[in-house]
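> Line by line, the protein sequences give chains G and V. Residues in the first sequence are numbered consecutively from 1, following our numbering. Residues in the second sequence are numbered consecutively from 1, following our numbering.
Careful: at least some of the hints might be erroneous.
Listed below are the simulated BS3-like cross-link pairs for lysine-lysine, each with C-alpha atoms no more than 25 Å apart in a straight line [said to hold, decoys possible]: (1) G/LYS230 <-> V/LYS171; (2) G/LYS17 <-> V/LYS128; (3) G/LYS3 <-> V/LYS178.
Computed spacing ranges between beta-carbons, pair by pair [what the hints assert, rightly or not]: (4) G/GLY441 <-> V/GLN12: 40 to 50 Å; (5) G/PHE374 <-> V/GLN106: 56 to 66 Å; (6) G/ILE22 <-> V/SER292: 56 to 66 Å.
In short, the hints are calculated from the structure, not lab data. All C-beta atoms in this analysis are idealised placements derived from N, C-alpha and C, irrespective of residue type, glycine included.
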Amino acid sequence: MKKILLIIRREYLTRVKKRSFIIMTILGPLLMAGIVIVPIYIATTTNETKQIGVIDETGFFYQKFKDSDNIRFHYLETTIWSAKETFGNSDDYALLYIPKTEIALPTNAILYAGTQVNINVKSYIRNVMSKRIEDLKLEAQLRDLTREDATPIDVNDLLRSIKTSVDLSTIKIGPDGQEEKSYTEVSMVLAFFGAILIYFFIFMFGSQVMRGVIEEKTSRIVEVIISSVKPFQLMMGKIVGVALVGLTQFALWVVLTFIIITAVTSTFTGTTLSETTTQQMMESPAGSFDPGQVIRMAPESQPEEGVNEVMAAINSIDFPVMIGSFLFFFLFGYLMYAALFAAIGGAVDSEADTQQFILPLTAPLILAIVVAQFIVQEPNGPMAFWLSLVPFTSPVVMMIRIPFGVPYYEVALSMALLLLGFLVTTWLAAKIYRTGILMYGKKISYKELWKWLKY
Amino acid sequence: MDLFSASHITKQFAAHKALNEVSIAVPEGSIFGLLGPNGAGKTTLIRIINQIIAPDAGELFFQGRKLLPQDVEQIGYLPEERGLYKKMKVGEQALYLAQLKGLSRQEAGKRLTYWFSNFGITSWWNRKVEELSKGMQQKVQFIITVIHQPRLLIFDEPFSGFDPINVNLLKEEILNLKAAGSTIIFSTHNMASVEELCDHIALINNARKILDGNVKAIKKQYSTNTFEVRFNTFGQDLRALLPGSFEILETGMDEALRIARIRLPEDAGPNDLLALLMPHATIHSLNEIIPSMNDIFIRVVTEKEAAL
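Generate coordinates for the entire structure from the input sequences, incorporating the hints supplied.
Right under this line is the structure:
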């Protein structure tokens, strides 16, 4: 065990110290941030006066939205349905709808618009609403406190209890008043994002494992090492070490992207936005990364254009299943493929010889990505079902299906099969690996590999 | 006492039998040569000793008990196919490999400092392996093999790929290690080095052991009672001087001297030969022709092959 840790340590340290790792770590977030920032930049630089129609079913916000230089509010006395129908013909930029609430104070609002809504507008609306609701809450609290039998309350608790964040979702509507956005669209984004991430991770870091094995073989150090440790330990140490490199890079990308986006957007937009985001930066524990956390934080911060829609739809998605299964398929998909990549590395003498083996190995992954667009159209069809059970395609295909809702037993079955697939392939890969690393200068055929499995 | 022994080791690779009932015994403190033509099964046996591969049948003993997985920490192995991580720094790499052999980081660092200064290569510590010449890398490789002070050292074809200067250095170091109490197994098909270094040998051919034992004893066993004599010419035919049981293998000239190789009958000795020649010639020298390991090797291998 101590030796496997030594191996993991070496594999990890030599890779993260490489120049290519550092360059990738810096370039990745710049690219990601660029994708996010450019639309925001465009959205904030248009400065003409905008009219916004307000339908306030609650009545709490009457006359609370003040006109500013470039936003004018006017209150509509119709129902939301008719307003939506006439929206296309009006000059209004957007339609703000605050639905009636029965018991609680309203903290939800929907902004209908034909185009992307300017981020300043949204943060202004959110501010006004939360401020108004906080006032209402404070009033109610104070009323309670002035009663005879009131229990004393700490002022900090009071402030905390009135703190309100408003959920403002944006829905695009067409000229005919039809909602264009649906939850499917958001599910699709999540589906592709998860699937591509897994695909990319397996490909990039799986082939790093393979190159690492080839390096040990061509430099002829492998026999020196396996006179100290078992070949299986060396293989697993490398696979785990590279996985940690991948996770480090991934975590750095997320953190750096977040920092860059925050820094840039706060210079473009008002103080409200930067305050909320910097506050969240402080709250998020430094150094630790949890993909769930970023998403959980998002509904309150909503720093980016479009996040609102995602959040609205995300509520319809089973989160524990989504994140849990993402981590599972991510991890075991990688482990299974990495073992096979290691076996290829062990079997060949140079990277040039790997082609004949890599193609059949990665064909299922490529297939999964190619059929992804058909799977999102029919996420519970027979093709989606079967491909999400086969361990070689399930990491990608299941991630595409899950945002659309998959029965738990299917997810569990798929996980069980992947786990089984991982155990079997690792066992077979280890056999090929331990024979292959001691074979030099031999062109390896499939027939030869088959023989090695039986040694 | 034997430090290491293997008994009836058999290993099969698909249709190819690499080792067939091979047994060897390596006495403590000796240098043991594992000889045989290419493909005989030497490397397979060495890999089995290093527990890199497992035998199909047979048992291995170390220090009088069964060989255990953790015994790899008491074995130092220099494989025939050897190398280092090219992109890694020399010192860091040596530390890593020493730790894999069970040394703590501190202890490994201390010993490496000693060896590096002993070999005069301290300045290489922070250089990448790829910046070193082949000969330099071989020195580092040797240090890594012996750093954990193993009781048993195994060198597979140690002299192949080493330049002549490093071969000498390696020979010296092997003898030093022996003097310090290590037991050494080395495999080779270079017979000259066997005679120089080995106390015991085992000869493997076609997956079987066909000869083993003490080098001197083997040589004695295979000596053919042949002598080379140099003498002044005297006109008479040598054949006429010697009885028919004395076999003249070869005659020749060296400057003014005649040379002849004569195989004596089993009951005759060098004195008998001298007695026959002295009345007729001036003897300048008489040497016994001791078979070289190379001769024995070729003779045994061809005999065994003929017998098959």
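> Next, verify each hint and record whether it holds.
So, going through the hints one by one against the coordinates:
1. G/LYS230 <-> V/LYS171: It is violated: about 30 Å lies between the C-alpha atoms, which goes past 25 Å.
2. G/LYS17 <-> V/LYS128: holds (14 Å)
3. G/LYS3 <-> V/LYS178: Violated: G/LYS3 and V/LYS178 sit about 29 Å apart, past 25 Å.
4. G/GLY441 <-> V/GLN12: 40 to 50 Å: violated (22 Å)
5. G/PHE374 <-> V/GLN106: 56 to 66 Å: For V/GLN106 against G/PHE374, whose Cβ atoms are near 60 Å apart, the range 56 to 66 Å holds.
6. G/ILE22 <-> V/SER292: 56 to 66 Å: holds (60 Å)
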